[in-house]
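Colleague: Read off the chains here:
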Amino acid sequence: MSLAEPATLPVATSAAPRLDVPKRLVARFKASLPAYLLLLPSLVFLALFTYGAMGRVLIDALYQRATPKAPVRFVGLDNIAAVLADPAFTGAVVNNLIYAVGTAIPSIGLALLFALTLSRTHAVSSALRAALFLPVLIPMVAASALFMFIFLPNVGLLDYYIGRLLPVLPNWLGDPDIALYAIMIITIWKNAGYYMLFFLAGLQAVPEDVMEAAHLDGAGPYQRLRNIILPELKPTFLFVIVIAILNAVTQVDHVFVMTQGGPSNSTNLVLFYIYQQAVEHYDVGKASAATLLTLAALMGLTALSFRTMANREGGP
Amino acid sequence: MKLIDWLYKDTPLATRGEITPKLGFLLTVLLAIVWLIPFLWMVVATLRPASDGINAMAELMPSLKPTLDNVRDAWEIGDFPRYTLNTTIICAGILLVQFVTITLAGFAFARLDFAGKSLIFYLFLMQLMLVPVLLIVPNLSLVARLGLYDTLAGVMMPFFASAFGTFLMRQAFEAIPTELEDAALIDGASLIQRIRHIYVPLSMPSFSAFAIISVTSHWNDFLWPLMVINSPDKRPLTVGLSVFTKTAEGTQAWGTIAAGTLMVIAPLLITFLIFQKRFISSFVTSGIK
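Sequence order for the protein chains is A and B. Residue numbers for the first sequence follow my numbering, so the first one is 1 and each next one is one higher. Residue numbers for the second sequence follow my numbering, so the first one is 1001 and each next one is one higher.
If we strip away everything but chain A, and leave its shape as in the complex, we get (with noise of 0.2 Å):
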């Protein structure tokens, strides 16, 4: 993606006197005019929704929410510090780091593996890509309703078929030690077929000839993967890391539906916690500084991700 070409001005009036910058300027203003009017009916809901919200993200977090004994008051970064003290968000924070990286990594391989194998245009594996991509288009509600059946103790279809190999018949949701981990297999379920496509779009960069030729020169399956096809999809892989990981900030709705963040809090991830602080405890400042610190954190990743990227593709 190339960025717009900085603005240049007309030549002719480059060499004008000093006393005419004014006039140029209205000049160059009313050139720009149709440009600003086509932008503006989207300007004007970005400012609202998206740098609005960010400037009230930001200063919300610095106030305290009126109680019915106090008004709003200034309180500096006391929410701020007061949500680094809460330790139903310092765990909702490591549980979103165990459920991103215990997420992004089996779904992610998983994709590279249906990728690979399915990577050319043939009627069976058509079949198989739609049967994988299925879950991506159904929302993550009717996720979590088919999943909770499954999840069901005793009943279950995952008790009914595999539970009864077990010594003991798991809590699939209702335990603290396993919850979190069943939620992220509907998660691992729904989003493998998504980047699946990253990947096989990418495979398409990798030359036949020089597969066959690799191939020729005794290369086995494992060597062409490593030395050929991976090196390949760097910039594949960066680009699915960074949206597993916005992923699974941002997808929350299972924890909504099935388990309110519990048991214990086993199950609380950082966006929830944001609702629970807002919707539930009307607590707009706790609610604000911890929207903050995620944004903060995501940003910072997507930037460097983004440099990453730029500099990958600058060098040689």
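Treat the hints loosely; a few may be bogus.
To be verified - The calculated DSS-like cross-link candidates involving lysine-lysine, where the alpha carbons are at most 27 Å apart (straight line), are:
#1 A:Lys30 x B:Lys1117
#2 B:Lys1117 x A:Lys234
#3 A:Lys23 x B:Lys1117
As the list claims (entries may be wrong) - Label-pair distances were calculated between CB atoms; the ranges are:
#4 A:Pro153 x B:Ala1144: 38 to 44 Å
#5 B:Pro1205 x A:Pro87: 47 to 53 Å
#6 A:Val101 x B:Ala1184: 51 to 57 Å
#7 A:Pro87 x B:Lys1246: 27 to 33 Å
#8 A:Tyr161 x B:Ser1118: 54 to 60 Å
#9 A:Leu33 x B:Leu1096: 22 to 28 Å
#10 B:Gly1147 x A:Leu166: 53 to 59 Å
#11 B:Met1204 x A:Ile105: 38 to 44 Å
#12 A:Ala70 x B:Thr1247: 38 to 44 Å
#13 B:Val1284 x A:Pro170: 33 to 39 Å
In case anyone wonders, no lab produced these hints; they're calculated from the structure. Heads up, the beta-carbon is just placed ideally off N, CA and C, and yes, glycines get one too.
Following the hints, put chain B in place on chain A, whose structure we already have.
Modeller: Using the frame of chain A, we list chain B on its own:
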């Protein structure tokens, strides 16, 4: 072994006689079957009569006496036609406004030179990085102050501008030869006329790709409508389904839950099965949503 050879014939990036790629392919086939099990269960459970008992609920073998009772019950408990209508209004409303905003902004970035172009471009780029889902708290208070709490317009509004859509249209418009526009210019066509009669008709594939991404993501959205909507008759499908599931879960009516879920996800899945190729290529171009 014949069957596997045939299935595998011209599939992967590998050659005949090697065992590893074949095993990989078999593993994928097995996993694809596992991936379909929740859907399979949903269909089987929907058609299973309550008389089969709770212990048969997990059977993946269809019942010999299929019934539509569960569908009828689900239809009675949840107001699915209303939920579907609300979701349709939300998705269509968002998409229509987005088409206008992204066309105009995409054109400005693709074809016009103006002061502050790169600064404004970066402002758009920032929206992609900000993860709007996280801004639910300030946006909810804004929607409330605008008097749009508990309205479908309030659900739609934050999505009226789309940086992703703007970039997609910019890309599409840049690919259109300027000669076409010059000809129209000589004929005296205004800016809006040129956009409407040249750029828009020639960019239909990009519009349809964007429509697929936009509708899919807002069709499935849950958290934001959950926060904005209070009245039961304004619930979209996702919020309706979650309330419905809670109701039916208490009565252990899993067949009814399966039927309700089926009703919610069927429209999008059927559309996907018809326009598979379109969907898949749209998702690939989507990149960062």
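Colleague: Now, for every hint given, state plainly whether the structure supports it.
Modeller: These are the hints, each one checked on the structure:
Restraint check: the Cα-Cα separation between A:Lys30 and B:Lys1117 comes to about 14 Å, which is no more than 27 Å; the hinted pair holds. For the proposed pair B:Lys1117 and A:Lys234, the alpha carbon gap of about 32 Å is over 27 Å, so the pair is violated. In summary, the hint linking A:Lys23 to B:Lys1117 is supported, as the alpha carbons are separated by about 20 Å, within the 27 Å threshold. Distance hint check for A:Pro153 and B:Ala1144: the Cβ-Cβ separation is about 41 Å, which falls inside the suggested range of 38 to 44 Å.
A hinted range of 47 to 53 Å for the beta carbons of B:Pro1205 and A:Pro87 is consistent with their spacing of about 51 Å. The supplied range of 51 to 57 Å is met by A:Val101 and B:Ala1184, whose beta-carbon atoms lie about 54 Å from each other. For the pair A:Pro87 and B:Lys1246, the beta carbons lie near 28 Å from each other, so the given range of 27 to 33 Å is met. Between A:Tyr161 and B:Ser1118 the CB atoms are about 58 Å apart, so this pair conforms to the stated range of 54 to 60 Å.
For the pair A:Leu33 and B:Leu1096, the supplied restraint of 22 to 28 Å holds, since their beta-carbon distance comes to about 26 Å. For B:Gly1147 paired with A:Leu166, a C-beta distance near 55 Å keeps the hint of 53 to 59 Å intact. One distance hint, 38 to 44 Å for the beta-carbon pair B:Met1204 and A:Ile105, holds here, with the actual separation near 39 Å. A hinted range of 38 to 44 Å for the beta carbons of A:Ala70 and B:Thr1247 is consistent with their spacing of about 40 Å.
B:Val1284 and A:Pro170 have their C-beta atoms about 38 Å apart, which keeps the hinted 33 to 39 Å range intact.
When each numbered hint is compared with the structure, a violation occurs for hint 2 only.
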